[in-house]
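Take these sequences, add in the hints, and give me the full structure.
Top to bottom, those sequences are chains A and G.
In terms of this note's numbering, the numbers along the first sequence are unbroken and rise by one, the last being 545.
In terms of this note's numbering, the numbers along the second sequence are unbroken and rise by one, the last being 1341.
Calculated from the structure, these hints are not laboratory results.
Mixed in with the good hints, there may be bad ones.
Claimed, not checked - Reference listing, derived: stretches of chain G covered by chain A, where coverage requires no fewer than 3 residues with Cβ under 8 Å from a Cβ of chain A:
(1) 1217-1229
(2) 1254-1263
(3) 1268-1279
(4) 1289-1296
Using N, Cα and C, we set each Cβ at its ideal position, and we do this for glycine too.
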Amino acid sequence: MTNPISDLERAGCILVIGSNTTVGHPIIALRIKKAVRQHGAKLIVANPKYIDLCEEADVWLQNRSGTDVALLNGIAWVILNEGLWDQAYVDERTEGFAEWRAAVEKYTPDVVQDITGVEPDTLRAAARLYARPPFGNSAIAYTLGITLHRTGTDNVFAVANLAMLTGNIGVEGGGVNPLRGHNNVQGACDMGCLPNVFTGYQPVANAEARAKFEAAWGAPLPEAPGLTESEIMAAVHEGRIRAMYIMGENPAVSDADANHVRQALENLDFLVVQDIFLSETAQMADVVLPGASFAEKDGTFTSTERRVQRVRQAIPPVGSSRADWQIVAEVASRTLEKLGRPVAGFAFSHPSEIMAEIATLTPSYGGISFERLESGGLHWPCPDAGHPGTPRLHIGRFTRGRGRFTPVRHIPPAEMPDAEYPLFLNTGRLLYHFHTGTLTRRVKGLTQIAPEARVEINPRDAERLEIAQGETVHVASRRGQVFVKAELTDRTPPGSVFMSFHFAEVLTNALTSPALDPVAKAPELKVCAVRVEKVEKEIANASSR
Amino acid sequence: MPTITVDGQGVEARPGQTVLQAALAANIYIPNLCYAEDLAPYGACRLCIVEIDGMRGLPAACSTIATEGMVVRTETPALMQARRMTMELLLSDHPDNCLVCRKNQRCELQRMAAYLGISERRLPRLERPTAFDESNPFFDRDLEKCILCGRCVRACDEVTQVNAIDYIYRGFATKIGAFLDQPLADSRCVSCGECLASCPTGALVEKSYYGLPDREVLTVCTYCGSGCSLYLQMRGDKIVGVRGDPANDASEGHLCVKGRFGYDFANHPDRLTAPLIRKNGALEPASWDEALDLVASKLAEHKGAFAGLASAKCTNEENYLLQKFTRAVMETNNIDHCARR
Ligand code: SF4
Ligand code: SF4
Ligand code: SF4
Ligand code: FES
Chain A
1 MTNPISDLER AGCILVIGSN TTVGHPIIAL RIKKAVRQHG AKLIVANPKY
51 IDLCEEADVW LQNRSGTDVA LLNGIAWVIL NEGLWDQAYV DERTEGFAEW
101 RAAVEKYTPD VVQDITGVEP DTLRAAARLY ARPPFGNSAI AYTLGITLHR
151 TGTDNVFAVA NLAMLTGNIG VEGGGVNPLR GHNNVQGACD MGCLPNVFTG
201 YQPVANAEAR AKFEAAWGAP LPEAPGLTES EIMAAVHEGR IRAMYIMGEN
251 PAVSDADANH VRQALENLDF LVVQDIFLSE TAQMADVVLP GASFAEKDGT
301 FTSTERRVQR VRQAIPPVGS SRADWQIVAE VASRTLEKLG RPVAGFAFSH
351 PSEIMAEIAT LTPSYGGISF ERLESGGLHW PCPDAGHPGT PRLHIGRFTR
401 GRGRFTPVRH IPPAEMPDAE YPLFLNTGRL LYHFHTGTLT RRVKGLTQIA
451 PEARVEINPR DAERLEIAQG ETVHVASRRG QVFVKAELTD RTPPGSVFMS
501 FHFAEVLTNA LTSPALDPVA KAPELKVCAV RVEKVEKEIA NASSR
Chain G
1001 MPTITVDGQG VEARPGQTVL QAALAANIYI PNLCYAEDLA PYGACRLCIV
1051 EIDGMRGLPA ACSTIATEGM VVRTETPALM QARRMTMELL LSDHPDNCLV
1101 CRKNQRCELQ RMAAYLGISE RRLPRLERPT AFDESNPFFD RDLEKCILCG
1151 RCVRACDEVT QVNAIDYIYR GFATKIGAFL DQPLADSRCV SCGECLASCP
1201 TGALVEKSYY GLPDREVLTV CTYCGSGCSL YLQMRGDKIV GVRGDPANDA
1251 SEGHLCVKGR FGYDFANHPD RLTAPLIRKN GALEPASWDE ALDLVASKLA
1301 EHKGAFAGLA SAKCTNEENY LLQKFTRAVM ETNNIDHCAR R
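Here it is, written out as structure tokens:
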């Protein structure tokens, strides 16, 4: 997030796109609702599905799945054509405007309606609210509904373009605010758990950065960026990767085209999984190392607002399990020994010592230490010990100098509904579960409220398909199939169905598309084409096929 | 900043602050029950009454804005007598089985009765129809213990903004309930537990109650990226409760259903407690030494054909170490995690 969570309450208008916030980020949703109800902020929701926040919204843009670029370009078109943009800001702080403007010209409200299904008047209303909030600035909040598309990177550019056009970056109550899904997905990125960067996004291809890390770690480091997760799975299939170490992840359930991923994992010579439960992925491992839950270790998490916070040990690791940092350090030391190399660089007696090393190598974490975190979290960048942290980014100027407008165009999802697979499948989360359910499905109360997987389907589609409430149906895509109970609801628009991926026994990701965003390499988990049928019908069809 | 005098002491109030807030901030205690820091004042319990020069009657401190020059007295014999009367009325239809109540020693009503020196029942005991609602999986409602302070209703309205519950019926029959008095489980309730956290009495209590915690540990929620900080309430090695951290300006002390109630997994019998090694096709328990040694020798063999997946659930320090290991030991940049999901 460019802005802190608390800033949402200072916004005059909030555009929530690709986020079912009350479900994915309940506490952030409270701030959004409070802004609307108690401070009179305007709310625009862009989502194909009728989500809880629609109840509070001034404008609901029900655009078709996979049409966010067109929608956002359309909003920009209206703002440009009605002269609602912030010319002074654009002149002073940005670049690439003319070229971008030319690209947006095509996205007239009529064209946008054709692509997205959103009425021109609704589009105009949203544009006016966003560009001219009743007070203060306008914020945008988004999540995986924006990024998990073939055009995920373009979607993010489209969001940023709109915010720059209206002078909403680097201001209180404004900003471009991706809401990160996991407790520490931000931190994992910050820590360089990405194939192309070290900690703090220092590129591995940059010789200076590499030299710094080589000196600190006392080892030569590879220059070529590595593979992303989906590329790794492909490389396993091709035999280029023979061993994997998976810490606290469950790709056998969470990844797109999960059956393909399972085959890959089976192909490995050696798979180590470190987890607190015997997840579906751990069941495939050669060695399983028992890690510790968040309550059993010290450390830090970095939240979606770039706030580094202390995680504190409350209980010892259960049984003979160990804190994950201890396990990794031990594996590293022993592997060095086997390789006949000097055993160094992994002897830590407490996570605070690891953070001290991180701080010396990572400019944005330079001022962060366990000692300082005792008195509360710190927002990075926090370059030195006297720095108070940076809740708002890009104040006065962009971190990179000038903000760059990036022209983006509408590209339809890789897989569109057709005669054989006539429905869109949208995937996401439920309030009562988390990710692949390894944790929440072991919480009795949560499973009581949400005991099993459902496919949400609009009653109109259900009627046509003769599907009744609660009936088990067959859902198939080009990649896989599942049997799941139907839930008839108006919240899901006709032509689309929705499933969560919390229930491993109903492997939603057996259906999803492995199509990748060419830049971020994120899979298009949010849209693919499926067929939903009564079970009898599927059996009849199968026997005649 | 208006300055007021409370019991002879000068107190600075922030503009718009109530007399109660200003006094509490200056460490001058005024009894109160229906007031909660994060909720709008309501003026229902009448325990916070004070005397203010120039004002008639006994105004409620929680709903009187502090204005320049106000002279306030918080503990006169008249006030104490009126408060005791109010408390006796509140207790007249309240069961007195504190010893076996799940709120015992955490109950504000109990504390307030003690503060006011209540030592006997002088009013005839009124029986309220008991109204249990045990439909929610995390907490129970026992309206016999409800004092109608409205904190739960305000929490559900002002904090959660779900408005699942409200006052229903009228007069003596007034109670707290969901729309059409349906069970909470069938209402709009999202089980966030904000009402539970705000309830001063035993009317709303956790289902799984183990007794008072012996300590609290401040940490961060393990679920989504909002970063709500919370106190784990511990008893030995068991997490027996969770409390939001009001000092966190992102979450302001609030939590969602997962953050507040989602911790059974930590002590779950399915937890892995020893390393496992695949032998003849099956995963079998092994010693750490054996497992680590096997991992190290196998990984050493596969240097160059290796990839690591880090975890969005693990700490920064752990993720840092895994990428350091991947790059510096395994000599590859094949390190990623589920940022893309
Ligand atoms: S649990 Fe939350 S939603 Fe349910 S009644 Fe209480 S405050 Fe309202
Ligand atoms: S249930 Fe608790 S919080 Fe709600 S009105 Fe009754 S006593 Fe007050
Ligand atoms: S309490 Fe809920 S909103 Fe807060 S971090 Fe945890 S899961 Fe997210
Ligand atoms: S606290 Fe003031 S009336 Fe209850």
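Here is what the structure says about each hint:
no., hint, in the structure
1, 1217-1229, "holds (count 13)"
2, 1254-1263, "holds (count 9)"
3, 1268-1279, "holds (count 10)"
4, 1289-1296, "holds (count 6)"
Consistency note: the structure conflicts with none of the earlier hints.
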